[in-house]
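Using the sequences plus the hints, can you model the full thing?
Listed in order, the protein sequences are those of chains A and B. The first sequence runs 1 to 565 under full-length UniProt numbering. The second sequence runs 1 to 185 under full-length UniProt numbering.
If you are wondering where the hints come from, they were derived from the structure by calculation, not from laboratory data. Misleading hints may appear alongside valid ones.
What the hints assert, rightly or not - Quick list of in silico lysine-lysine cross-link-like pairs, DSS-like style, CA-CA up to 27 Å:
no.	chain 1	residue 1	chain 2	residue 2
1	A	472	A	305
2	A	363	B	61
3	A	363	B	58
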Amino acid sequence: MGNWIINNGLTAFILVVWMAINIFLFVWFYFFYDLGDQFFYTRHLLGSALAWARAPAAVLNFNCLLILLPVCRNLLSLFRGSLMCCGRSVRKQLDKNLSFHKLVAYMIGLMTAVHMIAHLLNVEWYNNSRQGIYDELSTALSNLEDGENTTYLNPIRITNLDPQQIPTYFVFTTIAGLTGVIITLALILIITSSMEVIRRSYFEVFWYTHHLFIIFFAGLVFHGAGRIVRSQQSEPPHNFTFCKDRPADWGRIPECPIPKFAGGFPQTWMWVIGPMVLYVCERLLRFIRYMQAVTYRRIVMRPSKVLELQLVKNGFKMEVGQYVFLNCPAISQLEWHPFTMTSAPEEDFFSVHIRSAGDWTDKLIEIMQNLPEGAQGPKMGVDGPFGTASEDVFDYEVSMLVGAGIGVTPFASILKSIWYKFKDSNPKLRTRKIYFYWLCRETHAFEWFADLLQVLEKEMEERGMGDFLTYKLYLTRWDQSHADHVMVHSDQDKDVITGLKQKTYYGRPAWDKEFEQVRKENPTSVVGTFLCGPEALAKVLAKKCAKYSDVDPRKTKFYFNKENF
Amino acid sequence: MGKIEWAMWANEQALASGLILLTGGIVGVAGQFRGWQFAAYAVAAGVFVCLLEYPRSKRSKGTSVERTGQYCFTVCVKAFGPLTRNYYVRAFLHAAICVPGGFMLATVLGCVCLGIASLIYLVAAIRGEHWEPILPRKEVRKPVTESIKNPPQNPPPRPPAEMRRKRVDDLEGAAYDNPISVTDD
Numbered sequence: 001m002g003n004w005i006i007n008n009g010l011t012a013f014i015l016v017v018w019m020a021i022n023i024f025l026f027v028w029f030y031f032f033y034d035l036g037d038q039f040f041y042t043r044h045l046l047g048s049a050l051a052w053a054r055a056p057a058a059v060l061n062f063n064c065l066l067i068l069l070p071v072c073r074n075l076l077s078l079f080r081g082s083l084m085c086c087g088r089s090v091r092k093q094l095d096k097n098l099s100f101h102k103l104v105a106y107m108i109g110l111m112t113a114v115h116m117i118a119h120l121l122n123v124e125w126y127n128n129s130r131q132g133i134y135d136e137l138s139t140a141l142s143n144l145e146d147g148e149n150t151t152y153l154n155p156i157r158i159t160n161l162d163p164q165q166i167p168t169y170f171v172f173t174t175i176a177g178l179t180g181v182i183i184t185l186a187l188i189l190i191i192t193s194s195m196e197v198i199r200r201s202y203f204e205v206f207w208y209t210h211h212l213f214i215i216f217f218a219g220l221v222f223h224g225a226g227r228i229v230r231s232q233q234s235e236p237p238h239n240f241t242f243c244k245d246r247p248a249d250w251g252r253i254p255e256c257p258i259p260k261f262a263g264g265f266p267q268t269w270m271w272v273i274g275p276m277v278l279y280v281c282e283r284l285l286r287f288i289r290y291m292q293a294v295t296y297r298r299i300v301m302r303p304s305k306v307l308e309l310q311l312v313k314n315g316f317k318m319e320v321g322q323y324v325f326l327n328c329p330a331i332s333q334l335e336w337h338p339f340t341m342t343s344a345p346e347e348d349f350f351s352v353h354i355r356s357a358g359d360w361t362d363k364l365i366e367i368m369q370n371l372p373e374g375a376q377g378p379k380m381g382v383d384g385p386f387g388t389a390s391e392d393v394f395d396y397e398v399s400m401l402v403g404a405g406i407g408v409t410p411f412a413s414i415l416k417s418i419w420y421k422f423k424d425s426n427p428k429l430r431t432r433k434i435y436f437y438w439l440c441r442e443t444h445a446f447e448w449f450a451d452l453l454q455v456l457e458k459e460m461e462e463r464g465m466g467d468f469l470t471y472k473l474y475l476t477r478w479d480q481s482h483a484d485h486v487m488v489h490s491d492q493d494k495d496v497i498t499g500l501k502q503k504t505y506y507g508r509p510a511w512d513k514e515f516e517q518v519r520k521e522n523p524t525s526v527v528g529t530f531l532c533g534p535e536a537l538a539k540v541l542a543k544k545c546a547k548y549s550d551v552d553p554r555k556t557k558f559y560f561n562k563e564n565f
Numbered sequence: 001m002g003k004i005e006w007a008m009w010a011n012e013q014a015l016a017s018g019l020i021l022l023t024g025g026i027v028g029v030a031g032q033f034r035g036w037q038f039a040a041y042a043v044a045a046g047v048f049v050c051l052l053e054y055p056r057s058k059r060s061k062g063t064s065v066e067r068t069g070q071y072c073f074t075v076c077v078k079a080f081g082p083l084t085r086n087y088y089v090r091a092f093l094h095a096a097i098c099v100p101g102g103f104m105l106a107t108v109l110g111c112v113c114l115g116i117a118s119l120i121y122l123v124a125a126i127r128g129e130h131w132e133p134i135l136p137r138k139e140v141r142k143p144v145t146e147s148i149k150n151p152p153q154n155p156p157p158r159p160p161a162e163m164r165r166k167r168v169d170d171l172e173g174a175a176y177d178n179p180i181s182v183t184d185d
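Following this line, the structure appears as structure tokens:
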């Protein structure tokens, strides 16, 4: 339990606060509309459906405010930088921005459903009142004329259509109704195209459809402009307790003048205008970055369809393990795709290794392959760099880095940076020890990374720092011929697959043994575990971190960090 | 967008539409709305659409992810053969189903969503996609004989019998070197 608190406590706290605000808003506005005197007559026509519609509306206002914030990645980067003083737990929360965005989206979906159902009831009952099938009071209320300044209560004004079609007619001819239908439709399309299956397989559909949020917010801001939720005004003074039983006498006796109603001032824009402005700034910033010139220093095709691009951009500064978004108008005008940088901050260029994984990457590789020797590549827009968990790797005394397959890329950046920091004897390096685990299926994907490791190996030996970096390579898919080959060459000094001194392991790592070893060798340290790889592995490592951590601050503690692409 | 299988998105949209149609229908019937008969129809139509759309199709490229417990639905849908396999049929079916939903406010949203799903299915059909059931793969046991190597027919070469006999007076010299290390190091 203590381990869970260390690793997830702050996240849980933030979620509890968020949920508490939601519940508070819901309950507050529910009672505001259910008990407020000015809505007495409105409630007579609508019952508690009025409150059931207005309460989720308030929660929706709050969540529509929140939903734009986690996706302002430049803003988050700035925020992250200013939090350098606040300790890594706080900064770790910013890594979970996409999860929060999804959670808020679910809440919006749920509240939209409640809001819509309540309004369906409202419209139906307003219609019935207008048709005169309820009691005398309802009919009297509905018949209130539309004087100057719109003083009626019942927003359904027409009676000369087929009564079954009046609700539909009403919805499509009022601002609230029309905007409501349009934005709900936009929301549904956004949600169906954001399902994990669609998102992982067809990113373009997800990305383009998601831009319907522009329609969503535009409609949302105007949704209340029609002011159809009406409350009784204090002028003229009309005591409903006395007058509700005498609708026939309204306007005839001095105690009961004809009551006047007015709609509430639309408030949604006040909630969402701030985040909308911030988001516009964010997109503007992305555009400005896109316009900055990017030149190609080197373009290399690596084995197993991996493309390495070395790029140079004026004023570009990065940290280890950060990522950039790339946009290539020659392939697609609107798409930005994230790639982790594989170069170290100490180099005067930045590089990415791009693997063939879909439409966009395939097209890019194809274009690069058809380039003549030494030519510049197509225009590339670069947005970033954006920070994520790997930035923290030097804050931990001991780090365990786990990269699965192409997930090793952020660690390429880290290891290169170590090499440079070593050469410069950089005192900023708090790290004393690094354990690196690379899991891979195919041997020939090793090459570009194996070169790096070879250089590091040599460098470390020359400086006598052999035990700073311990790395283990795991070949998870092997067969009999592999085993035979290795057995024959087992007495050689260097590994037969990679050419490295460290031998390749076969199969998956036994994590219990690894964590035990790390704990034994570092009995009092805080160990940061960083993973870039599949979800299943993340679950395993998170569990092991929790299992091997000790609440006692003098003993070893494991913190788990995961890249989320 | 070369590689997209539109049917996958159409399927998500149609399933969502089925649920929305069902919800609108339930509200219409429970609230005894005017035109509740249309709402009752929407309940039935919503359930039907959900049942039809629940089993995901097998993707022509890449791994298909099943929905939980979809196997029984897959079998039912598969039983209708070309009617459910062909996406033109689905597109027109959804277009036809959605129309009565437009006659009542509670079901209008379901109607429009299903109409959109129908359009996406039409696009999928024009692109030549069709519905394939996801069925569990039959396990093929590889014949065992291939992986077991033939045991050797002859004994390994040994030095002549006199040398093999254990020399009690010289135990060190009697031991011989193994070509491959037999201990873990």
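Status of each hint after checking the structure:
1. Taking the CA atoms of residue 472/A and residue 305/A, the gap is near 24 Å; set against the 27 Å cutoff, the hint holds.
2. At roughly 18 Å between alpha-carbon atoms, residue 363/A and residue 61/B fall within 27 Å of each other, so this suggested pair holds.
3. The suggested pairing of residue 363/A with residue 58/B holds, with an alpha-carbon distance near 26 Å, which does not exceed 27 Å.
In this structure, every one of the numbered hints holds.
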